[in-house]
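*Asks:* Add chain B to chain A, keeping to what the hints say.
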Amino acid sequence: MNDTFRHLRIDTDDATNIAWLTLDVDGASANTLSTEVLDELAQALERLEEAPPQALVIRSGKDGFIAGANVEELGRLKSPEQSRELIERGQRLMDRIAAFPQPTIALIRGYCLGGGLELALACRYRIADNDPGTRLGLPEVQLGIHPGFGGTARLPDLVGPLAALDLMLSGRSIDGRSAQRMGLVDYALSPWQLETAAHHLAHATPAPKRPRAWQRALASAPARLVLRPIMERRVRQRARREHYPAPYALLELWARHGGSGLAERIKAERDSLVRLVDHPTAGNLIRVFLLRERLKREARSDTDARPTHIHVIGAGTMGGDIAAWMALNGHRVTLSDEQPQAIAKALKRSHGQFERRLKRPARVTAAQDRLIADPEGQGIALADLVIEAIVEQQEAKQALYRHIEPQMRPDAVLATNTSSLPLETLAGALTDPGRLIGLHFFNPVAKMPLVEVVAGADSRPDALDRGQALIAAADKLPLRVKSGPGFLVNRLLMPYMLRAAKLFDGGTPREALDEAAKRVGMPMGPLDLADTVGLDVCVAAGDVIAAEYGFEVPDGLRRRALRGDLGRKSGEGYYIYDRKGRPKRHKHKYSAAALDKLGTELITPLLDEAERCRDEGVVTDGDLVDAGAVFGTGFAPFTGGPLHYRRSQAPATGDPQPQEAADAASRA
Amino acid sequence: MPASSKSANQQHPVYIVDGARTPFLKFRGRPNAFSAADLGVAASELLLLRQPFAADMLDQVIFGCAGPAAEEANIARIIALRVGCGQNVPAWHVQRNCGSGMQAIDSGAHEIAAGRAQMVLAGGTEAMSRAPLLFNERFTAWLAELRQTRGLGKRLRHLGQLRPQWLAPEPALLRGLTDPVSGLTMGQTAENLAWRFGITREQMDQFAYGSHQRLAQAQDGDLLPELQPLFGTDGQAHVADDGVRRDSTVADLARLKPVFEKPFGTVTAGNSAQVTDGACALLLASEDAVERWQLPVLARIVDSEWAGVDPAQMGLGPVHAITPMLRRHRYALGSIAYWEINEAFAAQVLACLEAWNNRAYCRHELGLSRPWGEIDPETLNVDGGGISLGHPVGTSGARITLHLAHVLRRAKARRGVASQCIGGGQGGAMLLENPEAA
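Chains A and B, in that order, give the protein sequences. The numbering of the first sequence is my numbering, which starts it at 1 and goes up by one. The numbering of the second sequence is my numbering, which starts it at 1 and goes up by one.
If you are wondering where the hints come from, they were derived from the structure by calculation, not from laboratory data. Keep in mind that the hints are not guaranteed to be accurate.
Taking CB as the label site, the calculated pair distances span [said to hold, decoys possible]: (1) G352(A) / E170(B): 32 to 42 Å; (2) R360(A) / L162(B): 49 to 59 Å; (3) P444(A) / P296(B): 37 to 47 Å.
Now the stretches of chain A that chain B is said to cover, found in silico as 3 or more residues with beta-carbon under 8 Å [unchecked claim]: (4) 333-342; (5) 346-360; (6) 363-373; (7) 442-450.
Covered by chain A, according to a simulated footprint, are these stretches of chain B (three or more residues, beta-carbon under 8 Å) [unchecked claim]: (8) 81-90; (9) 297-307.
Cβ coordinates follow ideal geometry from the N, Cα and C atoms, glycine included.
Just chain A, same shape as in the assembly:
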């Protein structure tokens, strides 16, 4: 009967009469629940219901279990009717699994997210691999929606409302061991125990897990009444309702229907989700998700392109953190610096990071062993990619290049982390200028998702390919940009910061400026940002960028920098910082409307610059300008990026999907 299925296979053991349904979506690297797959699963269940086996085990034929719904398909939904139809289709399938007459068991290895976890929740039992690579979660809020295949109803029944809401509101994923502790899975086991456990559950059929009594009590009406405002306050600290409605909808759903029967809660989930999908934020966040996928996809993933041994020169904050990040993500890294103390400090920082992220001692040691202190720079001769992260000074960098180029392998790429020096000038020190590319990381390296892969006039395509492949392999988003003052991200940020500095000189209170920017969705106010970056750095970068693009560095900013008030690092910049580094903020008298007007005024130069960057072809197209702004500057993701935002403000609302064609048309 397997001939009729494209995306799955059913094998039944003759001896035990256990049916193994293996999902292996045709032509895809990961399983996602598209309409076609949902339909095929429904057909498979129909078949199985005719002559039910002793038990049904659902597993994956790929590395991961199920990565979730098909986001591209979600992005194509055009009307509430279409959304409703897709949601109903998924809910019906999950109900069908839940109603299967014999025990159902989800066997989970690797990613089990969104719709994938909802499918597992519909099964009577769940068994997870205890490898840290196995991740379970409901990340829908990150797309501006919430679970819609019965997850909002089934998860609280299984783990209690607190744990369920935490998982759904944060969108975070957990590993098998945590899932077992939470009650989300029945067992978290070594991979070689999974099938044995499935056999055991199929025959022993213990009572399904339930949350503890006190957790069940939290689902009562009075408890919901008390808990909702507390949780809503926490949500409000992170996201505003008009920008991010999904978490509020989740709370609403639970508060109003948390005590009802399952069928009613599933219906309420459907209604709520239809409304969310219709909200512009969902469309925009899905757009941002697809932009992220595009950045990853555009990097070559073949092993020829991906460097394996990285050498980093300069163990300062940037160099040290880049080296640690690369080691964390499985690369062998040698790290050199003229100062042994700097290397030691970088190693200490890396150790803290490895312990926080990897937790298990054997994995921490392995990462630490991949990061090799190399004071004399022996790794330069071995690396296939050398990252230079020394002082931002042309002569120093050029002298270094002259010194190291003869040691480097002839095919090795040299990448500079410069943010302000022209690549073409730096390349002048090399006999092979084509090997120099820019890899512009942002501070703090561990947190910022974007890395600009900078193409100088001489940079060879294969060198750029390898830089891009490295960044993607290191779990960052590579964005190829043309060399030019500020590249893309700083070029977008600079006019925004300069406008704020100018408005401040004109008498607008600093607190109002920063608050206004945050109201429009910037992650940090412009003056806060200037203080964090350092006013000296701002002036230096501002001069370079301003000269090229016709801005002006306001006198007030320049004076402050000259005076030595450099921001956080000197204790005073636009703000005065106390001993613990907290800025002193005063109250201002701006109304909400005035702040919104101010916010618009602040980001207008950024939007204008974004258009110029698109028109000048700093990146391939407008969508990539938006990607750079969202992942590099933190430009409000719910807007879908600056260019998309401006389009959506225009009278005719555009299509929220990445549309190279539309951009090409606007460029023409």
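*Replies:* Just chain B now, kept in the frame of chain A:
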């Protein structure tokens, strides 16, 4: 004793082609930041990276370690895997107390000489500062009984039998440095030799002073090419051996109290080796491997010898290992340009020199008709030794062998001998040749 009938083991020549060691870190009362495996990895990782071949081309990894931690039982395998040799390179751990590091080299050399291996990573590692505290045996037995006791009343009665003095932990280090057969500490065996050969406290302190001076000069003159900085995850960079006392004088040393035999003893903390952490790794290669990979030859391992002696006089081990080894090559003491004799105790090194110059000792113990001669102090431990550097037990044998190879290169000298005494009454020696010095 006749000249040894053993023959040089060289079916296939064995070369030392490269090597590296960590700085030696003195024990300062609490554990240092590195486990023995960490140190072994630190000594090996750059050494392997800079080779023209990948680490998985090695045939064996062998490490000596006198006291690996409980989780480091086969510490060589741990080091091999952690430095990226891959799962297919076999590795084993050797233990011959203070000779462990040299034993690793000797075992690797045997593999190559027999044609069973082309390239071997061999070395030693020791984290003495991390030696554990042990429970008293009475206490351990009491705990075991408690676990088997059933019933509250019986358990309470058992609790009442606990004696407070059982709770005092005993440092494993102290036990390790005591010979259980003779019942003597290593320091006591040195006192024994000082008495037997009439070595004075002044001679010992003078020797110790010289050791510090020589190490200081070597550090200033950049004469320790095998040394490579060590970086901890605690934010510390260790760039040099930290046991050296540059400003210490003979008079300062003379003020120290004896530690092993009070009140009349002469062996002090100042004229004994320091308790220290450190690791050293060497790359050994066959002639074929040298040719295939164009490896630079640092030295050739010509021969080695292991000898047993009275545990109560373990410090004389070098005399009994070196003498037969040199005699089977028909070499005299004067045939050797440079010597490294590990400084466990000043008294013990001086006793070795006295023994070769002592008619009675040579006749009765070495079977020589007359005294064998003297070693020029200017050729012995020219860049310091265990007293100034420290003596990480399992590492020293590897360190002196590697450093001797560098000294021969530097002086363009032909032959050198590295040797150490070994707790429990043994001696080990290795004969190196610098092929570039004709």
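*Asks:* Work down the list of hints and note, for each, if the structure agrees.
*Replies:* Okay, the hints, checked on the actual structure:
1. G352(A) / E170(B): 32 to 42 Å: holds (35 Å)
2. R360(A) / L162(B): 49 to 59 Å: Between R360(A) and L162(B), where Cβ atoms are some 37 Å apart, the hint is violated.
3. P444(A) / P296(B): 37 to 47 Å: Because 43 Å falls inside the window, the suggested range holds.
4. 333-342: n = 3 at 8 Å, threshold three: holds.
5. 346-360: holds (count 4)
6. 363-373: It holds: at least three residues are needed, and the region 363-373 of chain A offers 6 whose Cβ sits within less than 8 Å of chain B.
7. 442-450: With 0 residues close enough to chain B, the hint is violated.
8. 81-90: This one holds; 3 residues, not fewer than the three required, reach chain A with a Cβ under 8 Å.
9. 297-307: violated (count 0)
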